[in-house]
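Residue numbers (my numbering), protein chains in the order written: chain A, 1 to 107; chain B, 1 to 107.
Just so you know, the hints here were simulated from the structure itself, not pulled from any lab data.
All of these numbers come straight from a predicted model, not from anything done at the bench.
Heads up, a few of these hints could be off.
[To be verified] Part of the chain A face toward chain B, derived, beta carbon under 7 Å:
(1) 22
(2) 25
(3) 27
(4) 95
(5) 99
[What the hints assert, rightly or not] Cβ pair distances, simulated, as ranges:
(6) A:78 to B:46: 31 to 37 Å
(7) B:76 to A:76: 56 to 62 Å
(8) A:60 to B:94: 27 to 33 Å
(9) A:50 to B:39: 43 to 49 Å
(10) A:46 to B:40: 44 to 50 Å
(11) A:87 to B:46: 27 to 33 Å
(12) B:76 to A:79: 55 to 61 Å
(13) B:41 to A:78: 56 to 62 Å
(14) A:46 to B:51: 42 to 48 Å
Cβ coordinates follow ideal geometry from the N, Cα and C atoms, glycine included.
What follows is each chain in one-letter form.
Number of protein chains: 2
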Amino acid sequence: MARVRSIPQPAPASLTLTTVLHALGDPVRLELVRRAQATPESTCDALAEGLDVPVPTLSDHWRILREAGVITITADGRHRRARVRAEDLDDRFPGLLAAVLRPGEPR
Amino acid sequence: MARVRSIPQPAPASLTLTTVLHALGDPVRLELVRRAQATPESTCDALAEGLDVPVPTLSDHWRILREAGVITITADGRHRRARVRAEDLDDRFPGLLAAVLRPGEPR
Numbered sequence: 001m002a003r004v005r006s007i008p009q010p011a012p013a014s015l016t017l018t019t020v021l022h023a024l025g026d027p028v029r030l031e032l033v034r035r036a037q038a039t040p041e042s043t044c045d046a047l048a049e050g051l052d053v054p055v056p057t058l059s060d061h062w063r064i065l066r067e068a069g070v071i072t073i074t075a076d077g078r079h080r081r082a083r084v085r086a087e088d089l090d091d092r093f094p095g096l097l098a099a100v101l102r103p104g105e106p107r
Numbered sequence: 001m002a003r004v005r006s007i008p009q010p011a012p013a014s015l016t017l018t019t020v021l022h023a024l025g026d027p028v029r030l031e032l033v034r035r036a037q038a039t040p041e042s043t044c045d046a047l048a049e050g051l052d053v054p055v056p057t058l059s060d061h062w063r064i065l066r067e068a069g070v071i072t073i074t075a076d077g078r079h080r081r082a083r084v085r086a087e088d089l090d091d092r093f094p095g096l097l098a099a100v101l102r103p104g105e106p107r
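Just chain A, same shape as in the assembly:
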């Protein structure tokens, strides 16, 4: 069985609105969040497919999303998997994630 572990992430109570908004306020990061929400537990590699962003930039994007509390990253053997912290975000900022991820939302 692969060793699965969580990469450190902020506690729900420490999430701040401006940090979350800033994390979501980038086209690549918002697209990653949309994809992660659409296909939970995907690998980070699969989620970034076709985005044409250099690997170091992509790592920065994942880090910013994780540190803001928008996504959880899990290390699963050689893979990293991303999951949107929808429940934590809804608890803390009701309605925000739904408004941001509305289907058909202009970007």
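Let chain A serve as the given structure and place chain B on it in line with the hints.
Relative to the frame of chain A, chain B by itself:
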């Protein structure tokens, strides 16, 4: 009568979600938007009172908010007045502004 004129601002149809999120994703800008929403047609000077931000930085913040389509700035004689584009934002990104400006929202 003072000459009142609008400073250029983007058309509603050209507002993009990530630009709006980025504009709101800063503590000073979010505070300016909260205050502008609470006291419509205030002067920009009055809205920035007590924020302890250098004037050039403040000008940048207002510009970013205006260019993102979050606020309208009107030049009223020597004063500039700010108004949140609540209707345009609601039309374009339903629920977003309400979620961001919820009273008691942790910041």
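How the hints compare with the structure:
The closest approach between the C-beta of residue 22 of chain A and any C-beta of chain B is roughly 3 Å, which is under the 7 Å cut-off, so the hint is satisfied. The interface hint given for residue 25 of chain A holds, since its Cβ lies 3 Å from the closest Cβ of chain B, which is under the 7 Å cut-off. Satisfaction of the interface hint for residue 27 of chain A is found here, the shortest Cβ-Cβ separation to chain B being roughly 5 Å, below the 7 Å cut-off. With 7 Å as the threshold, the beta carbon of residue 95 of chain A comes within range of chain B, its nearest partner Cβ sitting at about 4 Å, so the hint holds.
Annotation: residue 99 of chain A was flagged as interfacial toward chain B, and the flag holds, the nearest CB pair being 4 Å apart, inside 7 Å. The given range of 31 to 37 Å is broken by residue 78 of chain A and residue 46 of chain B, whose C-beta atoms sit roughly 57 Å from each other. Distance hint check for residue 76 of chain B and residue 76 of chain A: the Cβ-Cβ separation is about 59 Å, which falls inside the suggested range of 56 to 62 Å. The supplied range of 27 to 33 Å is met by residue 60 of chain A and residue 94 of chain B, whose beta-carbon atoms lie about 31 Å from each other.
For residue 50 of chain A and residue 39 of chain B, the hinted distance range of 43 to 49 Å is satisfied, since their beta carbons lie about 46 Å from each other. Between residue 46 of chain A and residue 40 of chain B the beta carbon distance is about 46 Å. The supplied range of 44 to 50 Å therefore holds. The hinted window of 27 to 33 Å between residue 87 of chain A and residue 46 of chain B is violated, with their beta carbons roughly 40 Å apart. Hint check: residue 76 of chain B to residue 79 of chain A, Cβ distance near 58 Å, so the stated range 55 to 61 Å holds.
Our hint of 56 to 62 Å for residue 41 of chain B and residue 78 of chain A holds, since their Cβ atoms are close to 58 Å apart. At about 43 Å, the CB distance of residue 46 of chain A to residue 51 of chain B agrees with the hint of 42 to 48 Å.
Of the hints listed earlier, those the structure fails to meet are numbers 6 and 11, in rising order.
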